[in-house]
Amino acid sequence: MPDFIAQWLNQNEVFTAITVAHYWDGLVTTVQLVFLSLLLGLMVALPLAIMRTSKSPFISGPVWLYTYLFRGTPLLIQLYIIYYGIAQIEGIQDTFWWTIFREPFYPALLAFTLNTAAYTTEIIRGAIVATPVGEIEAAKAYGMSWALRMRRIVLPSAARRAVQAYSNEVIFMLHASAIASVVTIVDLTGAARNIYSRFYAPFDAFIGVAVLYMLLTFILVYVFRRLERRLLRHQRPVGG
Amino acid sequence: MLDLKGYGPSLLEGAIVTVELAFLSLALAIVLGLLGASSKLSSNRVLIGAATTYTTLIRGVPDLVMMLLFFYGGQVLVNNISDYVWEAYGIDFFFQFDPFISGVLTIGLIFGAYMTETFRGAFLAVPVGQIEAAKAYGFSRWHTFRRVMIPQMLRHALPGIGNNWQVLLKTTALVSIIGLTDMVRVAEEAAKAERSPFLFFIPVAFVYLALTAGSELFIKWLDKRANAGVVQGD
Numbered sequence: 000m001p002d003f004i005a006q007w008l009n010q011n012e013v014f015t016a017i018t019v020a021h022y023w024d025g026l027v028t029t030v031q032l033v034f035l036s037l038l039l040g041l042m043v044a045l046p047l048a049i050m051r052t053s054k055s056p057f058i059s060g061p062v063w064l065y066t067y068l069f070r071g072t073p074l075l076i077q078l079y080i081i082y083y084g085i086a087q088i089e090g091i092q093d094t095f096w097w098t099i100f101r102e103p104f105y106p107a108l109l110a111f112t113l114n115t116a117a118y119t120t121e122i123i124r125g126a127i128v129a130t131p132v133g134e135i136e137a138a139k140a141y142g143m144s145w146a147l148r149m150r151r152i153v154l155p156s157a158a159r160r161a162v163q164a165y166s167n168e169v170i171f172m173l174h175a176s177a178i179a180s181v182v183t184i185v186d187l188t189g190a191a192r193n194i195y196s197r198f199y200a201p202f203d204a205f206i207g208v209a210v211l212y213m214l215l216t217f218i219l220v221y222v223f224r225r226l227e228r229r230l231l232r233h234q235r236p237v238g239g
Numbered sequence: 000m001l002d003l004k005g006y007g008p009s010l011l012e013g014a015i016v017t018v019e020l021a022f023l024s025l026a027l028a029i030v031l032g033l034l035g036a037s038s039k040l041s042s043n044r045v046l047i048g049a050a051t052t053y054t055t056l057i058r059g060v061p062d063l064v065m066m067l068l069f070f071y072g073g074q075v076l077v078n079n080i081s082d083y084v085w086e087a088y089g090i091d092f093f094f095q096f097d098p099f100i101s102g103v104l105t106i107g108l109i110f111g112a113y114m115t116e117t118f119r120g121a122f123l124a125v126p127v128g129q130i131e132a133a134k135a136y137g138f139s140r141w142h143t144f145r146r147v148m149i150p151q152m153l154r155h156a157l158p159g160i161g162n163n164w165q166v167l168l169k170t171t172a173l174v175s176i177i178g179l180t181d182m183v184r185v186a187e188e189a190a191k192a193e194r195s196p197f198l199f200f201i202p203v204a205f206v207y208l209a210l211t212a213g214s215e216l217f218i219k220w221l222d223k224r225a226n227a228g229v230v231q232g233d
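Protein sequences appear in the order of chains A and B. For the first sequence, the residue numbers in numbering that gives the first Met the number 0 are 0 to 239. For the second sequence, the residue numbers in numbering that gives the first Met the number 0 are 0 to 233.
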């Protein structure tokens, strides 16, 4: 370890081995929560986005209502409704679901998943709708069925159009996950709040965690920039 | 009819607090956005650097962390300044950093960064010829900004301002976490006391929905007005 870091660690009272370990636990929780909710959200969003583009109002209507409700209300309210509401469901405390939803992690995961799925559905829908008509006509002319067309033509090209907007959604989700600390989850923000109240050192505690979030954000931005370049490599100018 | 068990009036007061908070933050965000965009488009390196640092920092940190930093850190900072002023000049002043002020400052600062990007794009969309023409007429820089740039960029900025406003409105819910008695806070306390979360949170969710839906209509109307006389392709 370089001398100046060792010196700095010795000098300050806030960032000791114990608090750094606490931050680490928080970091692990944040990453788990964000990664799982994004993964589950994407899995939910893909079929919903396809349903949302359906011509039948009986299929696209309910999906529209779902995305409208979840995008029009604050995530904090959704979290409160799920976190406080689940315990109120008649008889849930006798079923095995209660062993899962008693932990605050799972209601939060459910709220985050439903929220990100709503936004992701609209992102994917936008990308699907923007598919050039010629591509679909060509696929039809080749005799491709609807499912094959979806899988081989529409979805791959939609993925390219969606990746930029989706990267914003991922970063938004990382930042939104900070509210998990409100329902007693010790994520990064929760760890910072504990350390703040232990040492009454708001600047150390919150600026420290802000730097960590910023690092995570920049890593995500970098990864998505690489991904985007890969997905759009056929559009790069020659020699570029 | 919906029976709110006597919490109706305080929920309504909370809703008014939410709306006040949102409007004040929006005003601050627009001012910061205009300043930020002007700095980014200036030829002064220090200004460009400062504005770029500002937008990058804000976009890297969660709203809630920033709010906690301002609320808890702001008070410590005010106390330190107050101590210093007392020792150095013998002037006694005290300033209570309440959740409302921290909320407006944080949300304004965060959305100022997003507004900076919105306004920057909108300013760039004003044709250079317009600015040259203003110069040719002998307009001063401020005059050009107020009479030529602002009216023409507003048309391009409106959709962005609308999106930011929708997100801002939902972000105001976070201020309940640092103790502001807005409608989310009232609903949370009522839900805990009455043990009926759905009864209180779902109406609050619908108030937010009504606010976002209402502003969507208003923005559409504004957009139509701002684009009056513009011929749009298909």
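Please keep in mind that the hints were generated in silico from the structure rather than gathered at the bench. Glycine included, every Cβ here is placed at the ideal spot set by N, Cα and C. A few of these clues could be false.
Looking from chain A toward chain B, a few residues come up when the C-beta cut is under 8 Å (computed) [unchecked claim]:
id, residue
1, Y79
2, Q87
3, F100
4, L219
Comparing the hints with the structure gives:
1. Y79: 5 Å, holds
2. Q87: 6 Å, holds
3. F100: 14 Å, violated
4. L219: 10 Å, violated
In the structure shown, a violation is registered for the earlier hints numbered 3 and 4, in ascending order.
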